[in-house]
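Number of protein chains: 2
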Amino acid sequence: MRTLISRTLVPVFLLLLWPPQPARGQEIADAYREVANRIIDAATGDHDAYARLTELVERFGPRISGSAALERAIDWMVVEMEADGFDNVHTERVMVPHWVRGEESLEMILPWPRDLPMLGLGFSVATPPGGIRGEVLVVNSFEELEARADDAQGRIVLFNVPFTTYGQTVQYRSRGAVAAAQAGAVASLIRSVTPYSQQTPHTGNSSYEDGVPRIPHAAITVEDADLLQRMQERGQRVELHLRMEAQTLPDVPGRNVMAEIRGREFPDEVVVFGGHIDSWDVGQGAMDDAGGVVAAWEAIRIMKELGLQPRRTIRAVGWTSEEQGRTGGREYVTEHEDEYHVLAMESDGGVFKPSGFGFTGSDEAFAMIQEIGTLLERIESGTVTRGGGGADISPLMATGVPGMGLSVDGTKYFWYHHSDADTVDKLDPDEVALCVATMAVMAYVVADMPDRLPR
Amino acid sequence: MRTLISRTLVPVFLLLLWPPQPARGQEIADAYREVANRIIDAATGDHDAYARLTELVERFGPRISGSAALERAIDWMVVEMEADGFDNVHTERVMVPHWVRGEESLEMILPWPRDLPMLGLGFSVATPPGGIRGEVLVVNSFEELEARADDAQGRIVLFNVPFTTYGQTVQYRSRGAVAAAQAGAVASLIRSVTPYSQQTPHTGNSSYEDGVPRIPHAAITVEDADLLQRMQERGQRVELHLRMEAQTLPDVPGRNVMAEIRGREFPDEVVVFGGHIDSWDVGQGAMDDAGGVVAAWEAIRIMKELGLQPRRTIRAVGWTSEEQGRTGGREYVTEHEDEYHVLAMESDGGVFKPSGFGFTGSDEAFAMIQEIGTLLERIESGTVTRGGGGADISPLMATGVPGMGLSVDGTKYFWYHHSDADTVDKLDPDEVALCVATMAVMAYVVADMPDRLPR
Chain A
1 MRTLISRTLV PVFLLLLWPP QPARGQEIAD AYREVANRII DAATGDHDAY
51 ARLTELVERF GPRISGSAAL ERAIDWMVVE MEADGFDNVH TERVMVPHWV
101 RGEESLEMIL PWPRDLPMLG LGFSVATPPG GIRGEVLVVN SFEELEARAD
151 DAQGRIVLFN VPFTTYGQTV QYRSRGAVAA AQAGAVASLI RSVTPYSQQT
201 PHTGNSSYED GVPRIPHAAI TVEDADLLQR MQERGQRVEL HLRMEAQTLP
251 DVPGRNVMAE IRGREFPDEV VVFGGHIDSW DVGQGAMDDA GGVVAAWEAI
301 RIMKELGLQP RRTIRAVGWT SEEQGRTGGR EYVTEHEDEY HVLAMESDGG
351 VFKPSGFGFT GSDEAFAMIQ EIGTLLERIE SGTVTRGGGG ADISPLMATG
401 VPGMGLSVDG TKYFWYHHSD ADTVDKLDPD EVALCVATMA VMAYVVADMP
451 DRLPR
Chain B
1 MRTLISRTLV PVFLLLLWPP QPARGQEIAD AYREVANRII DAATGDHDAY
51 ARLTELVERF GPRISGSAAL ERAIDWMVVE MEADGFDNVH TERVMVPHWV
101 RGEESLEMIL PWPRDLPMLG LGFSVATPPG GIRGEVLVVN SFEELEARAD
151 DAQGRIVLFN VPFTTYGQTV QYRSRGAVAA AQAGAVASLI RSVTPYSQQT
201 PHTGNSSYED GVPRIPHAAI TVEDADLLQR MQERGQRVEL HLRMEAQTLP
251 DVPGRNVMAE IRGREFPDEV VVFGGHIDSW DVGQGAMDDA GGVVAAWEAI
301 RIMKELGLQP RRTIRAVGWT SEEQGRTGGR EYVTEHEDEY HVLAMESDGG
351 VFKPSGFGFT GSDEAFAMIQ EIGTLLERIE SGTVTRGGGG ADISPLMATG
401 VPGMGLSVDG TKYFWYHHSD ADTVDKLDPD EVALCVATMA VMAYVVADMP
451 DRLPR
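Taken in sequence, the protein lines are chains A and B.
According to our numbering, the first sequence is numbered sequentially starting from 1.
According to our numbering, the second sequence is numbered sequentially starting from 1.
If you are wondering where the hints come from, they were derived from the structure by calculation, not from laboratory data.
Worth double-checking, as some hints may not be accurate.
Since the list can't tell identical chains apart, any single copy or any two copies may satisfy a pair.
Within a straight-line C-alpha distance of at most 27 Å, the following computed DSS-like cross-link-like pairs (lysine-lysine) qualify [said to hold, decoys possible]:
id: 1; residue 1: Lys304; residue 2: Lys353
id: 2; residue 1: Lys412; residue 2: Lys304
id: 3; residue 1: Lys353; residue 2: Lys412
id: 4; residue 1: Lys426; residue 2: Lys412
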């Protein structure tokens, strides 16, 4: 009985306070609550985003910079975006790197024969036509390699460095070939940058330095890196035969692709969001990063479906060649320097369950973004933290534009990252829809609110 | 103070009851509690079993029936077992199947080029030298294939059947080539038999039937099976090019390998346990099934170390060619028909965290085994359930010998099973030690207890 009374009385007390006095800093959230809910309902009511993502990643194959498959996917996007009825659907030319893998293999000759799953790393040179055959030296760090430089002469060096954070471990992918060559090695291998493996090699970018010999550089699996290390510790001689045909061809024209809803009051003020449309040449690049592109694209499709035209322009972009030098993101800045960008937003951590955003900008802007975030509490994706952005929008952010990146449950992102296992089946249609809703609400409110987001 | 009193008083009360009256059916457990604890302490006090397992699987490569690597691993075991000081270390000749994979590849030609990770299935025939190029028909069951038999003519049939239980799903691996050929297909593919994939193909045995054309039969990954199905649903024409050099050569001599602690009273009464020493030709066969072999081997090593010589003989065996027809297990029965086998025990589900055993035998024997199981409660591996055995000991069990299989946490077993990802790093050294302890206590007590385990 007591429970019953309290249940009925509480709403009555609340009604006496209605309409609520706008709390300090809640004006925006209150003004946009109803439309935010409509956007969320529309985005989460079906699996259209997942279906579109599946089409994008499966119709043409992986979309590495410079490939025909990437350009075909962009052509298809233009047709689809036109059919969606967006404004200003177009592409913008960007010269992009053109690295091609070619045939490659890694064979263990000693102590017993085995084909090792491997992936050459981006920008690696080829081996000589007959390949490189050599004894392996396994090291666990750059420091150990320096200490054992005498042993590295003429060897194939393997950096067997377990995954800690991506930022730490990826150093061996980025700089391994240089360090190995400086120590006199003839080729460089890394343990794939991942915390989990089912004999899965992971590719990714790498670099050379002027004045240091350019030696082939490839990734092997976690399992094999440990195997080779134990063989070395056991005193077994390990000999490998590496063959790679990789080559870096001259840059070719590529394209950023975009569509927008033109602002009804301030069309030259732009909220831009998206991800990168290029991927690696393995798997499908479903989470890295077709998901980011589709999340923004679907966000504006839903606004259009709901008849929403914000005060400012909202633009969804697929930037090109993020994986191989971010030329798309850089070119975008040059191409759009006459516009005023209010906010740049990116998703490039996989369209898993979203929790909110990481934001980079002024304190005043941060407070407003946090307030808009409260509109997403209903779907648990409204937490805005300090610091965040993305590789594609970083050139824009460098010009002073506030930037933010979608935060998601990244538990398994690096299980799949840059590997043949980055496929759409690893993503959950409901979670993809939540990413769309989260990006859409944030972008729409920032584009429509009376006050411009301050810098 | 109250806590202090109860803490001190409880032991006093217990001491008043000492020594406990043997409960009905607890005589065996009580008599062996002390020695069981010593065995458990010895097995779990170090990671020797894991180290030995690592050596076994990494020194010579995967151990497929008929391979030099398998025979080298057996030679090494004999040397190590002799060094351990066991009785009657020897091998027994068995003729075994000799299927060799050769080179193989599967290329998607349409709608876009891709090399599909694949593994030919055991006993599959080769393709013609130039391979088989054909359009794909994806079906989800034998029934659907029958219903669409007209469409299957001249096609490459893909059975895209998601993993439910191994027993159900493996039917498509075992019988797929026959069903596809009966429908007029030119080659047969299956979705790998696994609940989880990182583009990981899984091999395994398959069969043909007299009077049905023998067509090549291979496994592709979960991801690609779904991809091809969606392409078909989308109306995209899927063309594949399958090349396989697989061949079944004449049977060759192989060996079962074994060592024992000879019984001090009834040497001709035998408790036999172990696993199969052969594996597939990919990965390391660490959980399938070097772990089972090493668990039994380490179990008798620990008994020896503790100076335990049971009344009956305990024999640890590595049976050969389980994966390709169980010839090792069958030959063992013929070879040992003059002995009385008290109990046969096997581990072939991976040496993950053990929970107990599944037992097949009389009610009276089951009650005794359950009682012995109570000695394992301390390490949570004493649950004995009805029904269980193993592929290698099934021929022995067919002669009336009670049999049992080690029960483990099999959550991830089929993630790795018959794939390149069945490697020792997936196993936990502490869990391997628990398997050794569990097998050792059970085997020792059954071999030593005054009464023979009844049939």
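Hints not upheld, ascending by number: 2
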